[in-house]
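Q: With chain Y held as given, fit chain U onto it using these hints.
Chains as they are written, first to last, in the working numbering: chain Y, 1 to 187; chain U, 188 to 436.
It is possible that some hints are incorrect.
Simulated pairs of lysine-lysine, BS3-like, Cα-Cα distance not exceeding 30 angstroms [stated by the list, open to error]:
(1) Y/Lys66 to U/Lys389
(2) U/Lys252 to Y/Lys66
(3) U/Lys252 to Y/Lys128
(4) U/Lys382 to U/Lys350
Some chain Y residues close to chain U (C-beta under 7 angstroms, calculated; not the full set) [what the hints assert, rightly or not]:
(5) Tyr39
(6) Leu43
(7) Arg124
(8) Arg171
Pair by pair, the computed Cβ-Cβ distance ranges are [what the hints assert, rightly or not]:
(9) U/Lys350 to Y/Thr136: 46 to 52 angstroms
(10) U/Asn326 to Y/Thr136: 48 to 54 angstroms
(11) Y/Lys66 to U/Glu209: 25 to 31 angstroms
(12) Y/Arg22 to U/Asn405: 47 to 53 angstroms
Everything labelled a hint here was simulated from the structure, so no lab data went into it.
For every residue, glycine included, the Cβ atom is placed at its ideal position computed from N, Cα and C.
Take a look at the letters that make up each chain.
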Amino acid sequence: MDDRQPPTIPDDLTLMQSIAARDESAMRTLYDRHCGLIYSLCLRILRDRQEAEEVMIDVFWELWNKSDRFDALRSSVSTYLVLLARSRSLDRVRSRSKLKSESIDNAAPLAAEQTMPAEIDERRILVKQTLAALDTSQREALECAFYEGLSHSEIAAKLNRPLGTIKTCIRQGMTRLRDALRTLDDA
Amino acid sequence: MTCHERHDLILLYAADALEPAEREMLRQHLSGGCIECASRLAEAEATLAHVPMALDQVAPPPMAKTMLMRRIATPSRRESARPKWLSYTVAAGLGIVIGAVGWQILRDAPRQARIRQLETALANRDAQLGDLVKVIRANEVSLVGLTRADPQPRASGRILWDKDTNHWHVWVFDMQPPPPGREYELWFITPDQRKIAGGTFKVDASGNGTLTWPVPPNIGPIALAAITDEPLGGVQNPTGAIHLSGKVE
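In isolation and in its complexed conformation, chain Y is listed as follows (with noise of 0.2 angstroms):
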C-alpha cells in the first residue's frame, strides 16, 4: 500500500513567512498563484502588454521586498497584491503623456495557449455572478472606479448621471459584493 502524504500545499501566509525569509522558492509558488489575477488587472487598467507585464513584475518586486513588513492582520496577500497592482497600475496611466490609442480589443487577438486555463474555484464563480447581477448603473460605478480610478465627481460627469446616484450605485455594487462574499465564507 502506498503510504505517501500528499504533499500539503502552504497558503500565502506560510509562504509569505518563508519569502521574508528570502526563500527563492516560496515567491516563485507565490507568483504562480496569483500572476493571472494580478496580470490580468494590471492588463485592464493599463490596456497595453509591456506596460501591465512591466507593473506586474514591479508589483511582485516590491512584495519581496517588503515581505518582512506584511501585516497580516491588515490584509491578505491577494488583497494586498490586488490593491498594490491597481494603484501602481492607475500611476502609470496618469504619468502617460498621451493615452494609447491602441485598445486592447484592437490589438491582435491572444493566442488560445495563453489564456489561464478556467479554474474550478467557487469564489471568482461568485464574484462573476455578483457582478453580473448588479444594475448596469451599479456595475458600470463601480467599474470606473475601480478600473480608472475617477472619483465620483469624474464618474458622474462622465457617466452623465447625478452625484448622490453615482455615491448610492457604488456603495449598493460594494455592498451586494461583500454581502455575498460573507455568505461564501460563513458557509
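A: For chain U alone, coordinates are given in the frame of chain Y:
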C-alpha cells in the same frame, strides 16, 4: 460625524472615489487609530480586491517570471560601453556617497519601524481602554475567569459579560502564540454541550489579546466559555486544543 455615519464613506474611500477634502478628512480620522473604522476599511478593501476576479484571466508571458526571479536572485548589473577605469571610478565615487546615505537610512530604518509599531500599539491601547470604560459603566456585568489548559504554561483570561449590550469582552494574558497558520477562537458552550463559535483573535508579542463579541441571540443558558486554536478565519465546530476555559455562572 459618528463612525456609523462614516460606513458609506469608508466604502467610497476604499474605492478611491472620494473627493480630496472628504478623503483627507477620513484619512485623518483613520490615522487617529479608530479601530472600528479601520476594521471596516479592511473589509471594504478585501471586498474591492475581489472585483478583478470577474475578469477573464490572461497568462503573463513566461519571460516575466524569469525576469522577476533574475531580479530577485542578483543585484542589478548594467553592462556599459564606457572604459572600465571610468566605470570603476564612477562606481567608487557613487559607492562612497551611497554608502553614507545608505548607512543613515539603515540606522534610521529600525527607528522608523519602531515608531510605527509604537503608534499602532498606542492606538490599540486607547481603543482597549475605551472598551473597558464602556463595560465598567454598564448596569449589569458579570465576570468569568478563564484558567489555562495543557498547551499553555502561564496563560490566563477574563471575560466581562456586559448584560446591557449582551456582549462578551475577553482579555487573555501570557498566551503562547498559536501554531503557524492558526489563530484563537472563542466558544460559547451550553449545558447540553452545544458549541457555538464566537470570534477569532490573535495575541501580541507579549501574549496578550482581546476580543469583543456579541452573545448569540436565543442561545439560552451558557455553561462554559472556551478558547481553542483553529485554522485562520475560524471554524463552525471546534477542532483544535483547548487553551483556556471557564465556567459561566
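Q: Does each hint fit the structure? Answer for all of them.
A: Quick rundown of the hints versus the structure:
For the suggested pair Y/Lys66 and U/Lys389, the alpha carbons sit about 22 angstroms apart, so the restraint of at most 30 angstroms is met. The hinted pair formed by U/Lys252 and Y/Lys66 meets the criterion: a straight-line CA distance of about 19 angstroms does not exceed 30 angstroms. Proximity of U/Lys252 to Y/Lys128 is assessed by CA-CA distance (about 27 angstroms); at most 30 angstroms being required, the pair is judged to hold. The hinted pair formed by U/Lys382 and U/Lys350 meets the criterion: a straight-line CA distance of about 20 angstroms does not exceed 30 angstroms.
Interface hint status for Y/Tyr39: upheld, as the beta-carbon distance to the closest one in chain U is roughly 4 angstroms, under 7 angstroms. Checking Y/Leu43 against chain U by beta carbon gives a least distance of about 6 angstroms; that is within 7 angstroms, so the hint holds. Taken as an interface hint, Y/Arg124 checks out: its beta carbon lies about 5 angstroms from the nearest beta carbon of chain U, inside 7 angstroms. Annotation: Y/Arg171 was flagged as interfacial toward chain U, and the flag holds, the nearest CB pair being 5 angstroms apart, inside 7 angstroms.
The hinted window of 46 to 52 angstroms between U/Lys350 and Y/Thr136 holds, with their beta carbons roughly 48 angstroms apart. For the hinted restraint 48 to 54 angstroms between U/Asn326 and Y/Thr136, the CB-CB distance of approximately 51 angstroms keeps it satisfied. At about 29 angstroms, the CB distance of Y/Lys66 to U/Glu209 agrees with the hint of 25 to 31 angstroms. With their beta carbons about 52 angstroms apart, Y/Arg22 and U/Asn405 fall inside the hinted range of 47 to 53 angstroms.
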